[in-house]
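2 protein chains.
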Amino acid sequence: MISIKDIIVKKFGATSLMSINRIKTIANQIKKSSISNKKLVIVVSAMGSETNNLIDLVNSISKQPAPRELDMLLSTGEQKSIALLTVALNSIGLKAKSFNSHQSRILTNNLHNNARILEINTKEIINALNENYVCVIAGFQGLTSTGDITTLGRGGSDTTAVALSAALDAKICEIYTDVDGVYTTDPNIHSDAKIIEKISYEEMLELSKLGAQVLHPRAVEIASKFSIPLVVKSSFEDGKGTIIREKEKNMEKFNVKGITVDHNIIYFSIEKLPKDPNICYQLINEINKKDISIDMVIQNLKNSEFNDLSFTVSKDHFNQVKKICATFLNQYASSLLQYSSLFSKISIVGIGINNHPEVLADFFQCIASLGLNIECLTTSQMKISCLMNKDFSEKAITALHDLFFSTHLNSKNTAI
Amino acid sequence: MISIKDIIVKKFGATSLMSINRIKTIANQIKKSSISNKKLVIVVSAMGSETNNLIDLVNSISKQPAPRELDMLLSTGEQKSIALLTVALNSIGLKAKSFNSHQSRILTNNLHNNARILEINTKEIINALNENYVCVIAGFQGLTSTGDITTLGRGGSDTTAVALSAALDAKICEIYTDVDGVYTTDPNIHSDAKIIEKISYEEMLELSKLGAQVLHPRAVEIASKFSIPLVVKSSFEDGKGTIIREKEKNMEKFNVKGITVDHNIIYFSIEKLPKDPNICYQLINEINKKDISIDMVIQNLKNSEFNDLSFTVSKDHFNQVKKICATFLNQYASSLLQYSSLFSKISIVGIGINNHPEVLADFFQCIASLGLNIECLTTSQMKISCLMNKDFSEKAITALHDLFFSTHLNSKNTAI
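Order-wise, the sequence lines are chains A and H. Take the first sequence: its position 389, counted from the start at 1, is 374 in the working numbering, and no numbers get skipped. Take the second sequence: its position 342, counted from the start at 1, is 327 in the working numbering, and no numbers get skipped.
What the hints contain is simulated information worked out from the structure, not anything from laboratory work. Watch out, some of these pointers could steer you wrong.
Simulated crosslink set (BS3-like; lysine-lysine; CA at most 30 Å straight-line) [stated by the list, open to error]: (1) A/16 <-> H/48; (2) A/23 <-> H/80; (3) H/225 <-> H/300; (4) A/307 <-> H/380; (5) H/48 <-> A/80; (6) A/308 <-> H/80; (7) A/225 <-> A/210; (8) H/260 <-> A/9; (9) A/16 <-> A/275; (10) A/156 <-> A/183; (11) H/80 <-> A/48; (12) H/308 <-> H/183; (13) H/17 <-> H/108; (14) A/80 <-> H/307; (15) A/156 <-> A/23; (16) A/80 <-> H/274; (17) H/9 <-> H/156; (18) A/17 <-> A/48; (19) A/48 <-> A/375; (20) A/48 <-> H/23; (21) A/9 <-> A/156; (22) A/257 <-> A/300; (23) H/80 <-> A/275; (24) H/17 <-> A/48; (25) H/260 <-> H/307; (26) H/108 <-> A/108; (27) A/225 <-> A/274; (28) A/275 <-> A/225; (29) A/375 <-> A/307; (30) A/48 <-> H/9; (31) H/48 <-> A/17; (32) H/380 <-> H/179; (33) H/308 <-> A/80; (34) A/80 <-> H/275; (35) A/48 <-> H/16; (36) A/9 <-> A/23; (37) H/80 <-> A/274.
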């Protein structure tokens, strides 16, 4: 039997597999790392734009393909990748074996296109590792108890990699991507953005939820739950990347870890709901039932008669949420439903932010000094988020980054 | 429970699925036929040149990919097709469900790239038919008992369709293709070629083996074994096509059914083998063990000391057979192995040919009158085959077709 602690899981995303040449490069990287790490599990996405191409293809037949059939279609993308990467590994002398969704036994619920992992039966993978195969696993996909293929939705391959790491009790899970780590903010927006060397699960979770594209929050959640150290690094160049792990004691001091912006949101506001606290809860519950995350929930006591409710959801869920709200609000004649895609959500994230009121004050002052308006603002233990007109979001990000990472770098904000 | 006799299996090949528009057309055809046929099972190939594209892709990594991984890769082609066709069927109001190799439960041996079907567990398909789904099945692929994906080799989707027809006890199996039936010879070679309205399994088997591309011999064999009527027709235009079924009494009279040419052959000749009849058998057995068909086997008694052996195989197996022969002949120092790809195999096929010596005489005379040489010739109950220089094969085909289908049409050769 293997010492199960020796397993390393590596995940390569679409950009890392853009071409046959990239696949060959990845294969060589894997071979190099196989010298010191005997038990390798590789999780791959579909190649480059393959998934989007498949979606375009099916949409030219129907804009609303049956979710089961969409998963049947999309899962071919990763299946292609595992076969090609395995052949590339073989061709440079590495024993390797591919596993599609039927073979990796990643069991999910039957929520097609956005399924949740329930259980992983690792027997076959462990057997293959014991026979010294590098196991190449199709990310993003799973299987229901009745044998239907499911896909895991956005960030699905990250989720596969981390869930497999947990199931295999892997030593570490390495996420290879097209950037060289997690940045203090989007380097495309601010050239001063810096790589974060280490960050806690909690902080990374907030950054991910708030729009840092590099890692999906579900993956971070699972890593946190099972204490799997995650490393995010570039598949294009060497570098330490960012390590995500349990928070350390010295992480507790005041510390802005990153600044994010999310343009992919819709802002819903509902005015004139009856003044029954249950009503807001019921509506939010309807949305949650569809497994749709909502954020920046604000409930206003406008006057003695009515309640107002506002929240944001991802644009991907716009139609669904609109429908849920409209149906739900049918029973409340007075209510007024509005939505807008004009806003971006800007957030600063760091453990203990809420215990340092000066951060909020600095935040307000910084935005005010730019002459910008904030639509609404929420705070929590670890973040401050605001909605702002899209057109001014870059300006705000740049100013906030200068404030917290240049001016304050050697004073308040010590532990990048 | 359904009356199982109501099931119709339809197979659509690569050219029938060349584009999204073709898929929509096929979907409409299926919908039309679903009005009178309640239980439809559709078998599909990969779209257009998809399979070749996948082969090119993997060959740009390795010329000899692991057979298991090649199957993992190639099977994605049909999986794409089943999902897209199912979506197209749904979009025009037909209840449909796709089945990939893990779901159709077509169990094969583990001879990757050229697997044989062992058993089909039709339970899931029957259940879906009972729930009024059109079942859309990935052709060309199967599953080993250990859950590995296999592919069935050339003509694999035809084989899937016929084997499924047998397992489901289907009323008929319709093979839709880019030609409107089986022709007396290749219409590209001779414009007088005619569609054969009906033909026996045995004759079709010979035509298929001898190079008629329209249907794979394995598919014909299975249809014959289980008495499944086969129809070959065009997916592009209406027409009766060709029906292939049990031979009828009046089929027994002299009757040339078709003339074929096969350029895809290699001619092996081995001179100076020891004069032990077992040796030829042993070599042929070595080749058979790899599931490679050999044809036109001729054993010559050259002199009192040695045996000569010659035979043809498909070009696809050239390297394999060359290796087998070389290894085998190592022990016989005197032996001399030669091979050539300069020849084409021309054959005429029809039940009872061998009982009518005048056919052979006419055949010889026709070739001789053209001034052409024959390298070698074999006859059997149902065919006459000869090898001839490739460059002259079209000339010979044209003359033979004129002889048997124009001159003789109303005289000797009555039952087209």
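For this session: Starting from the hint list further up, note which numbers the structure goes against and sort them upward.
Result: Structure breaks hints 2, 3, 4, 8, 9, 12, 18, 27 and 28.
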